[in-house]
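> Produce the complete structure using the sequences and hints provided.
Protein chains in written order, with my numbering: chain A, 87 to 230; chain B, 71 to 488.
Since the hints were derived computationally from the structure, they do not count as laboratory data. Where hints are given, some of them may not hold.
As the list claims (entries may be wrong) - Quick list of simulated restraints, FRET-style, between CB atoms:
{"id": "1", "chain 1": "B", "residue 1": "Tyr350", "chain 2": "A", "residue 2": "Arg215", "range": "28 to 36 Å"}
{"id": "2", "chain 1": "A", "residue 1": "Ser205", "chain 2": "B", "residue 2": "Tyr292", "range": "42 to 50 Å"}
{"id": "3", "chain 1": "B", "residue 1": "Gly143", "chain 2": "A", "residue 2": "Thr198", "range": "55 to 63 Å"}
{"id": "4", "chain 1": "B", "residue 1": "Tyr350", "chain 2": "A", "residue 2": "Lys124", "range": "36 to 44 Å"}
{"id": "5", "chain 1": "B", "residue 1": "Arg422", "chain 2": "A", "residue 2": "Arg127", "range": "53 to 61 Å"}
{"id": "6", "chain 1": "A", "residue 1": "Thr198", "chain 2": "B", "residue 2": "Ser111", "range": "37 to 45 Å"}
{"id": "7", "chain 1": "B", "residue 1": "Phe249", "chain 2": "A", "residue 2": "Gly121", "range": "17 to 25 Å"}
Yeah, the Cβ is synthetic: ideal placement off N, Cα and C, and Gly gets one too.
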Amino acid sequence: MKQTLITIALCLLALGVADASEPATIVVIVNPASGIDKLSRDEVIDIFLGRYRKLPSGRTALPIDMANPNADRARFYQLLVNKNPTEISSYWARLVFSGKTSPPFQVPDAETAVELVQSNPNAIAYVDRAALNPGVKVVLEIKP
Amino acid sequence: MKRKSFEEPTRLTRSIALGLLCALGLASRAHSQDLDAPRFSVRGFGTFAATTHDAEGLEFRRSVDQAKGVDEGQVDFAVDSQAGVQVNLELATHFDAVVQSVTRMHADGNWTPRISQGFVRYSPDEELVFRVGRVGYDIYLLAESRQVGYSYVSLRQPPEFYGIVTNDQVDGGDASITFRVGPGLARARAFGGTSSQESAFIDGTNVENSDRVLGASFDYLYGGWTARVALLRFRFDTNPGFPPLIGALRATFSPQAAAIADNLDHKEYESRAVQLGLAYDDGPLQAQLLFGTSNGDPIVAPEFNKLYALVGYRVRQWTPFVSYATSRDRHPILGTGLPDIPQLAPLEGAVRQIQQSFRSTQHTISAGARFDLSEHVDFKVQIDRMSLGETSLIFDHRLPPGGPASMTVLAASIDFVF
Numbered sequence: 087m088k089q090t091l092i093t094i095a096l097c098l099l100a101l102g103v104a105d106a107s108e109p110a111t112i113v114v115i116v117n118p119a120s121g122i123d124k125l126s127r128d129e130v131i132d133i134f135l136g137r138y139r140k141l142p143s144g145r146t147a148l149p150i151d152m153a154n155p156n157a158d159r160a161r162f163y164q165l166l167v168n169k170n171p172t173e174i175s176s177y178w179a180r181l182v183f184s185g186k187t188s189p190p191f192q193v194p195d196a197e198t199a200v201e202l203v204q205s206n207p208n209a210i211a212y213v214d215r216a217a218l219n220p221g222v223k224v225v226l227e228i229k230p
Numbered sequence: 071m072k073r074k075s076f077e078e079p080t081r082l083t084r085s086i087a088l089g090l091l092c093a094l095g096l097a098s099r100a101h102s103q104d105l106d107a108p109r110f111s112v113r114g115f116g117t118f119a120a121t122t123h124d125a126e127g128l129e130f131r132r133s134v135d136q137a138k139g140v141d142e143g144q145v146d147f148a149v150d151s152q153a154g155v156q157v158n159l160e161l162a163t164h165f166d167a168v169v170q171s172v173t174r175m176h177a178d179g180n181w182t183p184r185i186s187q188g189f190v191r192y193s194p195d196e197e198l199v200f201r202v203g204r205v206g207y208d209i210y211l212l213a214e215s216r217q218v219g220y221s222y223v224s225l226r227q228p229p230e231f232y233g234i235v236t237n238d239q240v241d242g243g244d245a246s247i248t249f250r251v252g253p254g255l256a257r258a259r260a261f262g263g264t265s266s267q268e269s270a271f272i273d274g275t276n277v278e279n280s281d282r283v284l285g286a287s288f289d290y291l292y293g294g295w296t297a298r299v300a301l302l303r304f305r306f307d308t309n310p311g312f313p314p315l316i317g318a319l320r321a322t323f324s325p326q327a328a329a330i331a332d333n334l335d336h337k338e339y340e341s342r343a344v345q346l347g348l349a350y351d352d353g354p355l356q357a358q359l360l361f362g363t364s365n366g367d368p369i370v371a372p373e374f375n376k377l378y379a380l381v382g383y384r385v386r387q388w389t390p391f392v393s394y395a396t397s398r399d400r401h402p403i404l405g406t407g408l409p410d411i412p413q414l415a416p417l418e419g420a421v422r423q424i425q426q427s428f429r430s431t432q433h434t435i436s437a438g439a440r441f442d443l444s445e446h447v448d449f450k451v452q453i454d455r456m457s458l459g460e461t462s463l464i465f466d467h468r469l470p471p472g473g474p475a476s477m478t479v480l481a482a483s484i485d486f487v488f
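See below:
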């Protein structure tokens with residue numbers, strides 16, 4: 087019995103370790119020259135959902151999205167607004183065909199997103215923390 | 071009422087199209103990864119739907135601008151189907167242009183594509199936006215078009231709410247300002263211009279009226295919540311057929327007929343509407359509650375109250391939903407009070423016909439589901455149980471007196487965007 091309990095405990099511990107090794111949090115990044123140090127979750131929602139793209143610094147944000155299919159994109163919107171890619175697509179259809187606003191600029195991968203943020207002070211993107219490099223600044227962490 | 075050919079593009083839309091073509095040359099030189107470069111996109115949408123119902127002698131339409139509806143037991147592919155294409159061109163950081171063309175059944179029965187939106191947008195910063203051209207205005211809570219089926223949970227927008235007032239764009243412009251208030255965003259918008267409203271009648275005729283529209287809307291967005299107050303005023307000119315009718319009514323020396331003549335005897339009529347809306351769209355839950363009321367010059371303008379409520383909840387790829395929509399005319403049809411004799415019957419008939427053309431007393435309980443086949447395609451099925459009072463939305467082929475009726479409408483659709 088004691089051996090069984092130890093086995094179960096070890097299994098649970100292993101599961102916990104597995105959970106801890108899940109992909110790192112998604113981070114929202116900007117150019118270090120953007121003039122902003124942090125953004126709230128609501129501000130990021132407003133920027134990436136096309137509601138309001140004025141940054142606290144007064145600049146106009148240029149959001150950068152990942153083109154589908156992309157695991158980071160799916161995770162970002164799931165964590166941010168609890169929407170799957172299909173719902174985000176439906177949301178943008180509503181706005182785009184109303185002529186209200188344009189969807190974020192799309193890039194194929196995180197590497198390109200980071201490059202664009204490094205080269206443009208108004209750019210804002212999201213990447214897996216593992217894709218970070220010293221040339222960009224993190225303004226929000228979005229954890230599960 | 072005047073007839074007008076929609077196929078002939080207006081000077082405005084020609085200018086917009088020419089501007090887009092010129093700018094396309096600039097856009098084509100843009101580097102694909104240059105954030106500041108001009109951006110050009112062509113997108114499209116469509117709905118292919120099959121619709122049927124069970125009510126003998128009645129013809130179901132989704133709006134009064136459809137020439138033909140669905141007869142009992144028939145499967146129709148026209149009433150709920152439509153398609154469109156849109157060109158977006160970003161010229162510079164502050165300027166962009168949009169042209170959208172939609173094909174669907176119109177009041178004259180044809181499907182000739184027409185420009186549904188065509189404007190140049192100027193946004194000096196993220197707070198102010200100005201648009202000039204053909205723009206949609208705020209009668210929908212979350213969008214400016216009812217034509218993009220993929221963007222909605224339900225298969226069609228409620229005829230009770232949108233079936234009578236079918237003109238959802240103006241040739242003019244709008245200005246909006248968005249700013250932070252507390253934890254959310256406030257947005258105020260003013261719009262104005264001319265708009266055309268089509269109506270098709272059971273005898274196969276159709277008319278197009280031109281309205282001058284002025285309105286404002288105020289939204290507050292916080293998290294998944296959107297609250298809306300919208301005010302609208304429509305002004306429209308007299309019908310060329312009215313003066314002889316006015317003269318004939320006055321010639322009867324009946325006080326009631328003379329009062330109706332006085333109500334008709336204006337060069338211009340006015341209709342006013344107020345809309346209150348509340349939407350919640352967060353995670354898997356989507357809900358909407360809309361209330362609208364309108365009043366205006368007696369006899370020629372609708373006076374009704376409308377309510378629409380919808381709740382949908384996503385479970386994996388499925389989003390089942392239920393909704394309720396009601397529209398009720400606040401006043402009965404006014405009669406002339408003239409003696410019931412054959413010589414005066416045409417007068418009574420004409421006065422009733424004017425009022426019947428915008429009656430909308432009916433309510434519908436709907437249930438259905440949306441199934442997302444991919445990120446750009448969905449399948450929907452919807453069943454509506456309609457209770458019909460005096461309504462111009464439905465063509466009634468029953469022998470008079472038709473009276474109230476019930477109808478069950480079943481529809482399935484495929485929506486797509488690209």
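> A separate judgement is required for each hint: does it hold in the structure or not?
Structure-based check of each hint:
no.	hint	result
1	B:Tyr350 <-> A:Arg215: 28 to 36 Å	holds, 32 Å
2	A:Ser205 <-> B:Tyr292: 42 to 50 Å	violated, 34 Å
3	B:Gly143 <-> A:Thr198: 55 to 63 Å	holds, 56 Å
4	B:Tyr350 <-> A:Lys124: 36 to 44 Å	violated, 28 Å
5	B:Arg422 <-> A:Arg127: 53 to 61 Å	holds, 58 Å
6	A:Thr198 <-> B:Ser111: 37 to 45 Å	violated, 19 Å
7	B:Phe249 <-> A:Gly121: 17 to 25 Å	holds, 20 Å
Violated hints, listed in ascending order, are 2, 4, 6; each of the other numbered hints is respected by the structure.
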